[in-house]
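On the provided structure of chain A, position chain B as indicated by the hints.
Respectively, the protein sequence lines represent chains A and B.
Residues in the first sequence are numbered from 127 upward in steps of one, following the numbering used here.
Residues in the second sequence are numbered from 12 upward in steps of one, following the numbering used here.
Careful, some of the hints might be misleading.
As the list claims (entries may be wrong) - Within a straight-line C-alpha distance of at most 30 Å, the following computed DSS-like cross-link-like pairs (lysine-lysine) qualify:
id, chain 1, residue 1, chain 2, residue 2
1, A, 692, A, 840
2, B, 98, B, 75
3, B, 75, B, 30
4, A, 171, B, 75
5, A, 171, A, 199
6, B, 30, A, 171
7, A, 856, A, 845
8, A, 692, A, 856
9, A, 856, B, 30
Said to hold, decoys possible - Ranges of calculated distance between the beta carbons of each label pair, as one might list FRET restraints:
id, chain 1, residue 1, chain 2, residue 2, range
10, A, 151, B, 60, 22 to 30 Å
11, A, 232, B, 70, 41 to 49 Å
12, A, 151, B, 110, 53 to 61 Å
13, B, 80, A, 151, 25 to 33 Å
14, A, 911, B, 70, 56 to 64 Å
15, B, 44, A, 130, 15 to 23 Å
16, A, 130, B, 60, 14 to 22 Å
Source of the hints: derived by calculation from the structure; they are not laboratory data.
Even glycine gets a Cβ: it sits at the ideal position worked out from N, Cα and C.
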Amino acid sequence: MESELSEELQFHFERQVEVFLEQGCPPGEARRRARLLFGGLEQVKEDCRDARGTVFLDTLWQDLRYAARVLAKTPGFAATAVLSMAVGVGSSTLASWLLGQAAFRSLPVKAPEQLVSLRSPGPHPGFHYGASGSDAAYFSYAMYRDLRDRNGVFSGVLARTNLPADLTFGQRTERVSLELVSRNYFEVLGVAPAAGRLFRQADDGQPNPPRVAVLSHEYWARRFARDPAVVGQSIVLNDLPVTIVGVSARGLHSLTPGLSPEVLAPIEIEEMLWPAYRMLSTRAYCWMNIVGRLKPGIARQRAQAEVAPVYRQLIQEEARTIPASWSGRERFLSRRLELVPAGRGIEPEAGWMLVGLSAIAACVLIAACANLAGLCVARAAARQKEIAIRAALGAGRGRLARQLLAEFLLPAAAGGLLGLLAALGVAGLVPRILFDEQRARTLASAPDAGMLLLALAAVASAVILCGAAPALLPALGRPLRALNAGNIAPLGLGQASFRKTLVTAQVALSAALMFGAFSFSHDLLRESIRHRGPDRENVIIFSIDAGAEGYSPARAARLFQRLEQKLSIMPGARAAGFSIGGMSRLEIEGHRLNAPEEEVALWLQVSPGFFDAAGCALVEGRGLGTAGEWPLRFVLVNETFQRRLFAGRSPVGQHVRLYGSDKWAEVVGVVRDREPPGFFSPAPSVYFPYSGATTVGYYVRTDRPPETLLSAVKELVEKEAPGLPPFGLKTADAQYAESSRSQRVMTGVLCVFGLLTMALAVVGVYGVTAYVVTRRTPEIGVRMALGATAGSVVATVMKEVVRMIAIGGAAGLLLPPIVCALLFKAAGPNWAEAYPEVAAGTIVVAAAAALAGLLAALRAARIGPAAALRAE
Amino acid sequence: MPDNRLDLPQGTLDLLILKTVALGPMHGWAIAQRIQQVSRDALQIQQGSLYPALHRLERRGLVKSEWGPSENNRRARHYELTAAGRKRLAAEEVGWERMVAAVSEVLGTA
Numbered sequence: 127m128e129s130e131l132s133e134e135l136q137f138h139f140e141r142q143v144e145v146f147l148e149q150g151c152p153p154g155e156a157r158r159r160a161r162l163l164f165g166g167l168e169q170v171k172e173d174c175r176d177a178r179g180t181v182f183l184d185t186l187w188q189d190l191r192y193a194a195r196v197l198a199k200t201p202g203f204a205a206t207a208v209l210s211m212a213v214g215v216g217s218s219t220l221a222s223w224l225l226g227q228a229a230f231r232s233l234p235v236k237a238p239e240q241l242v243s244l245r246s247p248g249p250h251p252g253f254h255y256g257a258s259g260s261d262a263a264y265f266s267y268a269m270y271r272d273l274r275d276r277n278g279v280f281s282g283v284l285a286r287t288n289l290p291a292d293l294t295f296g297q298r299t300e301r302v303s304l305e306l307v308s309r310n311y312f313e314v315l316g317v318a319p320a321a322g323r324l325f326r327q328a329d330d331g332q333p334n335p336p337r338v339a340v341l342s343h344e345y346w347a348r349r350f351a352r353d354p355a356v357v358g359q360s361i362v363l364n365d366l367p368v369t370i371v372g373v374s375a376r377g378l379h380s381l382t383p384g385l386s387p388e389v390l391a392p393i394e395i396e397e398m399l400w401p402a403y404r405m406l407s408t409r410a411y412c413w414m415n416i417v418g419r420l421k422p423g424i425a426r427q428r429a430q431a432e433v434a435p436v437y438r439q440l441i442q443e444e445a446r447t448i449p450a451s452w453s454g455r456e457r458f459l460s461r462r463l464e465l466v467p468a469g470r471g472i473e474p475e476a477g478w479m480l481v482g483l484s485a486i487a488a489c490v491l492i493a494a495c496a497n498l499a500g501l502c503v504a505r506a507a508a509r510q511k512e513i514a515i516r517a518a519l520g521a522g523r524g525r526l527a528r529q530l531l532a533e534f535l536l537p538a539a540a541g542g543l544l545g546l547l548a549a550l551g552v553a554g555l556v557p558r559i560l561f562d563e564q565r566a567r568t569l570a571s572a573p574d575a576g577m578l579l580l581a582l583a584a585v586a587s588a589v590i591l592c593g594a595a596p597a598l599l600p601a602l603g604r605p606l607r608a609l610n611a612g613n614i615a616p617l618g619l620g621q622a623s624f625r626k627t628l629v630t631a632q633v634a635l636s637a638a639l640m641f642g643a644f645s646f647s648h649d650l651l652r653e654s655i656r657h658r659g660p661d662r663e664n665v666i667i668f669s670i671d672a673g674a675e676g677y678s679p680a681r682a683a684r685l686f687q688r689l690e691q692k693l694s695i696m697p698g699a700r701a702a703g704f705s706i707g708g709m710s711r712l713e714i715e716g717h718r719l720n721a722p723e724e725e726v727a728l729w730l731q732v733s734p735g736f737f738d739a740a741g742c743a744l745v746e747g748r749g750l751g752t753a754g755e756w757p758l759r760f761v762l763v764n765e766t767f768q769r770r771l772f773a774g775r776s777p778v779g780q781h782v783r784l785y786g787s788d789k790w791a792e793v794v795g796v797v798r799d800r801e802p803p804g805f806f807s808p809a810p811s812v813y814f815p816y817s818g819a820t821t822v823g824y825y826v827r828t829d830r831p832p833e834t835l836l837s838a839v840k841e842l843v844e845k846e847a848p849g850l851p852p853f854g855l856k857t858a859d860a861q862y863a864e865s866s867r868s869q870r871v872m873t874g875v876l877c878v879f880g881l882l883t884m885a886l887a888v889v890g891v892y893g894v895t896a897y898v899v900t901r902r903t904p905e906i907g908v909r910m911a912l913g914a915t916a917g918s919v920v921a922t923v924m925k926e927v928v929r930m931i932a933i934g935g936a937a938g939l940l941l942p943p944i945v946c947a948l949l950f951k952a953a954g955p956n957w958a959e960a961y962p963e964v965a966a967g968t969i970v971v972a973a974a975a976a977l978a979g980l981l982a983a984l985r986a987a988r989i990g991p992a993a994a995l996r997a998e
Numbered sequence: 012m013p014d015n016r017l018d019l020p021q022g023t024l025d026l027l028i029l030k031t032v033a034l035g036p037m038h039g040w041a042i043a044q045r046i047q048q049v050s051r052d053a054l055q056i057q058q059g060s061l062y063p064a065l066h067r068l069e070r071r072g073l074v075k076s077e078w079g080p081s082e083n084n085r086r087a088r089h090y091e092l093t094a095a096g097r098k099r100l101a102a103e104e105v106g107w108e109r110m111v112a113a114v115s116e117v118l119g120t121a
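Chain A extracted, bound-state conformation:
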């Protein structure tokens, strides 16, 4: 384009020269006259560009090239600007992308907006088993069947739940996450198999229920290398042989966010997989989520209104099976059914970690933008004279503003690109570092165009919010006055106070942003760490699932007791014991419990050796007997139970019972809390003697470093219980480290982000202060020419710098808490806790500013009056 234009004009010019030559002009004269006749070549070119309408792009290109040249002259500034933008854009892009993946991604199913999940808050007199914290979304199988068959608003209703199971294929047995689904699951979701077929409502030629399984696409790829021949083969789930009929759709993990089950099987085979549990036929077992697909054209509210009477009737039918004495009866009867959108999964939650991470990343981005804007404004202010000259030579204000915008745009775009590349590089890695294995798998999709869009949005918002500041500067200035004033005199009161304000604002903003980052960190950490670190203890843990191998309760009990005895006398062991249990409803004699969460306790059946092995010493009362009986006669409770349910009073002699039991059990003692693995606080627990569960977890306390006994324990278990591999054999410390890993990593990430914000603040304040003081170099020269000593000049400058920093720091430290108090009342982020970090950070930032001012002042004082004046 540009070269064609040159060629065209050159052609014309040369023809004109030829004409003059023919007329007898000497060559030099001919060229001169042709040039005169033609006018300014560049001006003509410019007019042609204008005429073509490409002027905007052309000048943008010019501006960018000019900006690149200007930036290349100050590589320190350029590198700082690009790197801080890269940090800001990279971290915010990655955090918001992960947040989007976790919370805002629709399920890969047909018309996900038609899916609703059913929830019913309120007490339920039975067992709850579920993956998520909220038990409002769990129903019994009987409830599922009734709701499925007695409504007119859904085109299909499915149920799902997940349980750990043993999967044997070839010679290898592994623990997998098994998703049990209703047989219409895939039909309701409307997904196609990746291989073979999926479950069908009517499975022909199969025994009832059909012994079939579907592999998840992820597991198929991971374990079977996408071998289509696996369809039709047999695997063993627990000890039930089932046939693999197909592979689920790619990208479909689970309707419950964060779960990534390996295998799916029809819900009806539950009783064959776990004969002892009988969850399928027990009305009191709330263990599955129900998801319905609304018929086309039926709104969610209308469907909810139409299902309500059906549900009320079901509740009343169910209430007939509940003893009249149950304290939660009225609240149970008042339970209502809610339909909530499930297009993004059942009760999708962003996850406080990701929300907090995104918020902090946004703080980092703002800090980076503010930095860049501050530096650009300082540069623009310092270049006032250059800008004035250019304005005087005819540059329009719009053009000058565009030029300054380009100088912001270039490092912002370069930094954004760098940040995006970094985010792309670590996108696959970060979920694996931050989250548990299953959730990481659901987030492990390849980075997509969305990430590019987020990075663009980050850069665009940076340019719009912060790029405008330096660009508006020439519009505010009065070029003539700036020219007249020169640089020697402090540039008028307005100019000087503008420069001071810049430093003050930068310091204040840094403090405010650090408040943001650090107080979010505190909120997150308080969520995750309610817990002191565990004392290092010599304990080995593992579990055994005899039920999965077909042991009867009596045979399992004999095995478990023999194993406990052998383990406790093996060399190096001090005690061994086992326990098993789950959360369940609770009643206390003479108490009417109101808050539903108070009615739940961890009910643990334990062997006699458990308390010694797990380290739960008796603190009050007496121990349990040995023989487990049903109904229970005596139980122990832990300290948390005493604190929460008896308000610290002695529970000894009081009576409690499990729902479903008609006899009260007496509390005979209190034992010390056992810290559960990870950062979870101990649950209120009730201990009663082992009474025949077929899956238990063992504790072996050792008198030496437990790592040295791991293989001995494994050998012993394999010898005593052939065919029953110990699962999760590890030291309690290792278990703790694993389950707290994501919290520990997050703590590290938060610290890094907080420090990043601080580092950016330091860089920004340093840069702005250095510029502001450097601008005074000529003034310092004059002062020294008039006889001021270097010391007194530096002292004068520093007095002003310190004042600017002090005002900024005070504003930054005082304003956010005041604003927050006004805005959020009590519910805001916790500013007070973050105060020490922010104060320390502000001191570091202030020190950096003071150092920048000092170095610039010293440099100015050292170069001598004459040179300083020439800097003009």
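Just chain B, lined up with the frame of chain A:
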């Protein structure tokens, strides 16, 4: 340089260019020469304003350009009237004649 040449009224350059290229494809230099020749040197167009005008006409789709060999075998950009340009030329010519007539009338009666 004594100058008895006419200044071009605003907007007439476009008309002259269109009229000139209506004869057939020609390059910028030839267009300038032609206008000068036909007007017997009375109309000397500013060389500097010729090219922006050509580019403006091309953007409006009244002329189109193509690179080709010139009469002295160099590469030159040749401009050619488009259908839209031809229509525009006809309309402009009518308008111009009307205006000239009106102006002469005013001058004649003055």
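Hints and how they fare:
This hinted pair checks out: residue 692/A and residue 840/A have alpha carbons roughly 12 Å apart, not beyond 30 Å. Straight-line distance between C-alpha atoms of residue 98/B and residue 75/B comes to about 14 Å, which keeps the hinted pair within the 30 Å bound. Between residue 75/B and residue 30/B the CA atoms are separated by roughly 14 Å; this keeps the pair inside 30 Å, and the hint holds. With a C-alpha separation of about 19 Å, the suggested pairing of residue 171/A with residue 75/B holds against the 30 Å cut-off.
For the hint pairing residue 171/A with residue 199/A, the CA-to-CA distance comes to about 29 Å; that is within 30 Å, so the pair holds. Annotation: proposed proximity of residue 30/B to residue 171/A holds, straight-line Cα distance about 24 Å (limit 30 Å). For the hint linking residue 856/A to residue 845/A, the alpha-carbon distance of about 18 Å falls within 30 Å, and the restraint holds. The suggested pairing of residue 692/A with residue 856/A holds, with an alpha-carbon distance near 18 Å, which does not exceed 30 Å.
Only pairs whose Cα atoms come within 30 Å are accepted, and residue 856/A paired with residue 30/B is rejected, the gap being roughly 94 Å. Separated by about 24 Å at the C-beta atoms, residue 151/A and residue 60/B satisfy the suggested range of 22 to 30 Å. Distance hint check for residue 232/A and residue 70/B: the Cβ-Cβ separation is about 46 Å, which falls inside the suggested range of 41 to 49 Å. Checking the proposed 53 to 61 Å range against residue 151/A and residue 110/B shows it is violated: the Cβ atoms sit about 40 Å from each other.
Distance hint for residue 80/B and residue 151/A: a CB-CB separation of about 27 Å, consistent with the stated range 25 to 33 Å. The beta-carbon spacing between residue 911/A and residue 70/B, approximately 59 Å, falls within the hinted interval of 56 to 64 Å. Take residue 44/B and residue 130/A: their Cβ atoms lie about 21 Å apart, and the range 15 to 23 Å holds. At roughly 19 Å, the beta carbons of residue 130/A and residue 60/B sit within the given window of 14 to 22 Å.
In this structure, the hints that do not hold are numbers 9 and 12, in rising order.
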